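Below, each chain spelled out in residue letters.
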Amino acid sequence: MSISEKGNPNALANAVSNLDLDTPEKPYLDSNELIINMGPQHPATHGVLRVILKLDGEKVLGTECVIGYLHRGVEKIAENRTYTMFNPYVDRMDYCAAVSNGLGYCEAVEKLMNVEAPARAQYIRVILTELNRIASHQLWLGTHALDIGAMTPLFYTFRDREEILKIFERYCGARLTTHAFRIGGCQYETYAGFEKDVTNFLSFFAPKIDEYEALLTTNRIWLERTKNVGVISAADAIALGVTGPVLRASGVKWDLRKAQPYANYSKFDFEIPIGENGDTYDRYLVRMEEMRQSMRIIEQAVGGIPEGPIMGKVPKVIKPPVGEIYHSIEAPKGELGYFIVSDGSTQPYRLRVRPPSFVNLQALDIMVRGLLIADVVAVIGTIDIVLGEVDR
Amino acid sequence: MPNFVMSYLGSTVTPGQAGNQFWALMYVLIIFAGVSVAVMAMNWLERKALAHFQIRLGPMRVGPHGLLQPFADALKLMLKEDIIPTEADQFVFWVAPLIGLLASFTVYTVIPFGPSQAVSDMNIGILFMLGVSSLAVLGIVVAGWASNSHYPLIGALRSSAQMVSYEVAMGLAVVSAVLMTSMNASGTGTLSMIGIVQAQQQQGIWFIFKFFPLGFIAFAIFAIAMVAETNRAPFDMAEAESELTAGYHTEYSGLRWSLFMLAEYAAMIAVSSIAVTLWLGGWMRPFPNLLQAPAWEFIFSLFPGLTFAGLAAIAFIGTARMPAQSFFRVQRIGLAVFAALLGFIALLLLVIAVAGRTADTSVAARFREGIDYVYWFVLKVAVFMYLFIWYRATWPRYRFDQLMRIGWKVMLPIALGVLMLTAIVGVIVS
Numbered sequence: 001m002s003i004s005e006k007g008n009p010n011a012l013a014n015a016v017s018n019l020d021l022d023t024p025e026k027p028y029l030d031s032n033e034l035i036i037n038m039g040p041q042h043p044a045t046h047g048v049l050r051v052i053l054k055l056d057g058e059k060v061l062g063t064e065c066v067i068g069y070l071h072r073g074v075e076k077i078a079e080n081r082t083y084t085m086f087n088p089y090v091d092r093m094d095y096c097a098a099v100s101n102g103l104g105y106c107e108a109v110e111k112l113m114n115v116e117a118p119a120r121a122q123y124i125r126v127i128l129t130e131l132n133r134i135a136s137h138q139l140w141l142g143t144h145a146l147d148i149g150a151m152t153p154l155f156y157t158f159r160d161r162e163e164i165l166k167i168f169e170r171y172c173g174a175r176l177t178t179h180a181f182r183i184g185g186c187q188y189e190t191y192a193g194f195e196k197d198v199t200n201f202l203s204f205f206a207p208k209i210d211e212y213e214a215l216l217t218t219n220r221i222w223l224e225r226t227k228n229v230g231v232i233s234a235a236d237a238i239a240l241g242v243t244g245p246v247l248r249a250s251g252v253k254w255d256l257r258k259a260q261p262y263a264n265y266s267k268f269d270f271e272i273p274i275g276e277n278g279d280t281y282d283r284y285l286v287r288m289e290e291m292r293q294s295m296r297i298i299e300q301a302v303g304g305i306p307e308g309p310i311m312g313k314v315p316k317v318i319k320p321p322v323g324e325i326y327h328s329i330e331a332p333k334g335e336l337g338y339f340i341v342s343d344g345s346t347q348p349y350r351l352r353v354r355p356p357s358f359v360n361l362q363a364l365d366i367m368v369r370g371l372l373i374a375d376v377v378a379v380i381g382t383i384d385i386v387l388g389e390v391d392r
Numbered sequence: 393m394p395n396f397v398m399s400y401l402g403s404t405v406t407p408g409q410a411g412n413q414f415w416a417l418m419y420v421l422i423i424f425a426g427v428s429v430a431v432m433a434m435n436w437l438e439r440k441a442l443a444h445f446q447i448r449l450g451p452m453r454v455g456p457h458g459l460l461q462p463f464a465d466a467l468k469l470m471l472k473e474d475i476i477p478t479e480a481d482q483f484v485f486w487v488a489p490l491i492g493l494l495a496s497f498t499v500y501t502v503i504p505f506g507p508s509q510a511v512s513d514m515n516i517g518i519l520f521m522l523g524v525s526s527l528a529v530l531g532i533v534v535a536g537w538a539s540n541s542h543y544p545l546i547g548a549l550r551s552s553a554q555m556v557s558y559e560v561a562m563g564l565a566v567v568s569a570v571l572m573t574s575m576n577a578s579g580t581g582t583l584s585m586i587g588i589v590q591a592q593q594q595q596g597i598w599f600i601f602k603f604f605p606l607g608f609i610a611f612a613i614f615a616i617a618m619v620a621e622t623n624r625a626p627f628d629m630a631e632a633e634s635e636l637t638a639g640y641h642t643e644y645s646g647l648r649w650s651l652f653m654l655a656e657y658a659a660m661i662a663v664s665s666i667a668v669t670l671w672l673g674g675w676m677r678p679f680p681n682l683l684q685a686p687a688w689e690f691i692f693s694l695f696p697g698l699t700f701a702g703l704a705a706i707a708f709i710g711t712a713r714m715p716a717q718s719f720f721r722v723q724r725i726g727l728a729v730f731a732a733l734l735g736f737i738a739l740l741l742l743v744i745a746v747a748g749r750t751a752d753t754s755v756a757a758r759f760r761e762g763i764d765y766v767y768w769f770v771l772k773v774a775v776f777m778y779l780f781i782w783y784r785a786t787w788p789r790y791r792f793d794q795l796m797r798i799g800w801k802v803m804l805p806i807a808l809g810v811l812m813l814t815a816i817v818g819v820i821v822s
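Taken in sequence, the protein lines are chains A and B.
Counted from 1, the first sequence has number 177 at position 177 by this note's numbering; the numbering is strictly sequential.
For any residue, its number in this note's numbering is found by taking its place in the second sequence, counting from 1, and adding 392.
No wet-lab data here; the hints were simulated from the structure.
As the structure is a computational prediction, the values presented were derived from the model and not from experiment.
Just so it is clear, CB atoms sit at the ideal spot from N, CA and C, and this is done for glycine as well.
Honestly, I wouldn't trust all of these hints.
[What the hints assert, rightly or not] Here are some of the chain B residues that sit facing chain A, going by a computed Cβ distance under 7 Å:
#, residue
1, 444
2, 445
3, 447
4, 450
5, 481
6, 542
7, 612
8, 634
9, 635
10, 785
11, 787
12, 789
13, 790
14, 791
15, 794
[To be verified] Label-pair restraints from in silico Cβ distances:
#, chain 1, residue 1, chain 2, residue 2, range
16, A, 296, B, 449, 31 to 37 Å
17, B, 678, A, 208, 54 to 60 Å
18, A, 370, B, 646, 36 to 42 Å
19, A, 57, B, 646, 58 to 64 Å
20, A, 370, B, 425, 47 to 53 Å
21, B, 646, A, 174, 48 to 54 Å
22, A, 206, B, 601, 39 to 45 Å
23, A, 208, B, 771, 54 to 60 Å
24, B, 483, A, 213, 18 to 24 Å
25, B, 721, A, 174, 38 to 44 Å
26, B, 526, A, 176, 45 to 51 Å
27, A, 200, B, 687, 55 to 61 Å
Kindly produce the complete structure, drawing on both the sequences and the hints.
What follows is the structure in structure tokens.
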């Protein structure tokens with residue numbers, strides 16, 4: 001029985017066009033080629049991603065991503081909620097970096113309304129966002145290593161991520177989908193001992209990064225599995241709109257925190273780590289270094305939190321003027337943009353999210369062609385997708 | 393009847409050679425039971441050790457410190473619905489786990505736990521071992537094919553590619569150990585497993601240290617190849633969870649799946665036994681020639697009893713450290729009983745060691761000797777078992793083309809070189 005008789009006919013029709021099958025009428029399963037469904041239920045597709053692989057033995061001839069298994073219509077929901085009501089929904093997109101999502105959304109609406117969060121709120125936002133970047137990278141590292149077969153880093157990263165989640169919990173009561181920020185500033189004042197908790201975390205976490213690196217960075221098997229695997233050139237990455245660590249690992253120094261400073265990132269001193277080869281190993285190194293740079297930012301920010309209000313002058317009912325705005329921030333996974341069209345009412349006329357995972361996922365095909373099945377899971381891991389964000 | 397039972401104890405050869413069918417059968421049963429128990433213990437130990445590597449606790453609920461977890465697992469697996477996919481080749485699907493099981497258990501017939509503590513001593517023992525243990529891969533290939541599903545098929549193909557890559561280097565490493573057995577006055581070597589250990593005894597050196605570093609390199613090659621042979625991390629591509637969901641046993645469940653696991657763990661113990669026999673002096677205690685005095689003999693014969701006494705002490709400490717809540721009462725009693733059992737075994741072993749301290753032909757002395765042999769053998773194998781767990785906790789997984797590259801381009805040339813150098817050095821020395 002050929003595969004065409006099973007499954008989703010539309011998806012396979014797309015697969016046919018993308019996978020360069022010469023004669024679509026021919027049964028897919030001939031003696032040389034194998035079409036295999038990886039996902040949506042698969043341990044290494046990070047959720048419900050479905051990748052249709054066309055294989056010659058183990059060699060990947062082409063891939064086709066089928067997405068939408070986690071589609072919740074977040075953008076449509078936005079049209080039926082007020083700006084304030086929609087705020088918690090963005091946390092559910094990239095649930096590993098909920099704080100970043102909230103920051104992007106709040107800043108976009110603030111920009112649309114032409115208000116600015118007070119300085120104290122800015123500092124709190126930066127601290128929490130950078131903590132969240134570390135947490136997101138920890139989750140990436142653990143699952144990525146697990147995909148490649150190293151079980152142990154997962155538990156170490158989750159142990160340390162817990163400390164960040166504890167800070168979130170003490171700050172706003174939630175650990176994962178935090179809803180930490182409000183349009184115009186922050187809802188909550190920092191709790192007593194917030195600064196101490198954060199500095200404690202920094203001194204706790206610095207040796208932990210070295211611990212992760214001791215397990216992986218010079219590990220021979222890790223090097224063999226990641227070096228020259230899933231290479232993407234800078235030109236290809238730019239052409240596909242890839243952003244974030246994936247782009248930077250290809251040697252492009254593009255980080256929105258420096259390129260289009262938002263919040264108050266321009267006040268802090270930090271480096272943008274870049275790679276050379278654009279392979280999986282470089283992306284690994286870039287993210288490891290990003291965690292260290294995030295710690296630098298947090299260190300500077302936590303020492304300089306100014307006194308003052310945490311909420312800007314925003315009306316009770318958020319009613320932005322007619323207009324449209326595109327605002328993007330550097331989320332842990334890449335450029336996270338919000339395009340909001342306002343018709344002057346309390347609800348967005350249209351809200352469009354530019355999710356980094358969705359765009360970066362497009363690079364999967366280029367990266368894995370000619371590699372083996374084992375590399376496909378490595379590359380999916382290294383792109384660092386979250387299906388909640390891909391499907392929204 | 394007592395005479396019949398004791399008939400073997402006075403013998404210095406294996407029951408297979410002595411033609412003692414009754415004792416041969418007894419050995420088969422003892423080994424089968426022993427290996428099954430060892431697999432269960434290994435299952436618990438792996439989960440516990442791996443958990444502690446990964447800052448977890450591992451099984452804690454079924455019995456004190458999860459000691460009864462393997463039994464609970466076994467029961468659950470046996471009670472599960474037996475599923476055979478509609479599109480599978482039913483007969484082959486049914487037979488595949490048995491092939492693997494048969495292969496890994498048959499190896500034990502030639503593994504010597506002592507100079508006479510083996511089912512049989514074949515003069516081609518090592519060839520028999522290599523041949524039979526290679527059959528295990530047939531079970532995997534057949535299972536993957538019979539499942540009639542993509543992931544198992546790829547897993548099966550990977551494991552056959554894996555086998556051709558490491559078996560050659562593994563065979564050459566074995567040959568260099570066999571070559572070392574011929575470095576004696578008469579210049580005749582042996583393929584018999586017992587003969588190989590006895591050769592190490594006569595030459596007064598474990599083969600791992602012989603012609604250093606040649607013996608060690610050959611041993612290292614075997615140690616790498618045996619991880620690949622048993623499909624364990626970092627060479628577990630055939631069942632790579634993150635890539636092929638579960639590889640060749642994706643479609644298997646319940647009892648059939650547990651047979652695969654049993655075969656895998658039995659094979660792990662079997663290949664470790666082979667490594668111990670060939671390079672680490674098999675059943676010999678440390679320095680059997682150097683520390684030959686009866687006093688030393690006696691001190692070393694106390695080790696088994698002391699080991700169990702140590703285990704009992706750990707269990708007793710664990711009992712004392714259990715929380716005082718009434719919730720843990722049953723667990724505390726269970727652990728105390730377990731500790732008492734270990735202590736009783738320790739006492740028994742110590743009594744035998746003391747009673748049989750004179751090297752004569754009395755029953756106690758024979759018992760003492762046998763226990764010593766098995767103890768040292770099992771201890772050495774246990775080190776390998778721990779290494780298997782350690783590898784799994786530490787390393788990522790190789791890609792199967794990388795394993796093939798290592799097998800053909802690194803291990804094979806090195807194994808060949810070691811073999812030739814061993815031969816040359818052997819000729820020069822003798």
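Verification of the hints:
1. 444: violated, 11 Å
2. 445: Given a least distance of 6 Å, the restraint on residue 445/B holds.
3. 447: holds, 6 Å
4. 450: With a closest approach of 12 Å, the residue 450/B hint is violated.
5. 481: This hint is violated: residue 481/B lies away from chain A, its Cβ roughly 15 Å from the closest one there, beyond 7 Å.
6. 542: holds, 5 Å
7. 612: Violated. Min distance 15 Å.
8. 634: holds, 4 Å
9. 635: It holds, given that the least Cβ distance between residue 635/B and chain A is near 5 Å, below 7 Å.
10. 785: holds, 5 Å
11. 787: Cβ of residue 787/B sits 5 Å from chain A, so the hint holds.
12. 789: holds, 3 Å
13. 790: holds, 6 Å
14. 791: With a minimum Cβ separation of about 5 Å from chain A (threshold 7 Å), the hint on residue 791/B holds.
15. 794: This interface hint holds because 5 Å falls under the 7 Å limit.
16. 296/A / 449/B: 31 to 37 Å: holds, 36 Å
17. 678/B / 208/A: 54 to 60 Å: Taking Cβ atoms as reference, residue 678/B and residue 208/A lie about 41 Å apart, which means the hint is violated.
18. 370/A / 646/B: 36 to 42 Å: With Cβ atoms ~40 Å apart, the hint holds.
19. 57/A / 646/B: 58 to 64 Å: violated, 31 Å
20. 370/A / 425/B: 47 to 53 Å: holds, 51 Å
21. 646/B / 174/A: 48 to 54 Å: Between residue 646/B and residue 174/A, where Cβ atoms are some 41 Å apart, the hint is violated.
22. 206/A / 601/B: 39 to 45 Å: Cβ of residue 206/A to Cβ of residue 601/B: about 44 Å, so the range 39 to 45 Å holds.
23. 208/A / 771/B: 54 to 60 Å: Hint violated: Cβ distance 36 Å, outside 54 to 60 Å.
24. 483/B / 213/A: 18 to 24 Å: violated, 52 Å
25. 721/B / 174/A: 38 to 44 Å: holds, 39 Å
26. 526/B / 176/A: 45 to 51 Å: holds, 50 Å
27. 200/A / 687/B: 55 to 61 Å: At roughly 58 Å between Cβ atoms, residue 687/B and residue 200/A fall inside 55 to 61 Å, so the hint holds.
Hints 1, 4, 5, 7, 17, 19, 21, 23, 24 from the earlier list are contradicted by this structure; the remaining hints agree with it.
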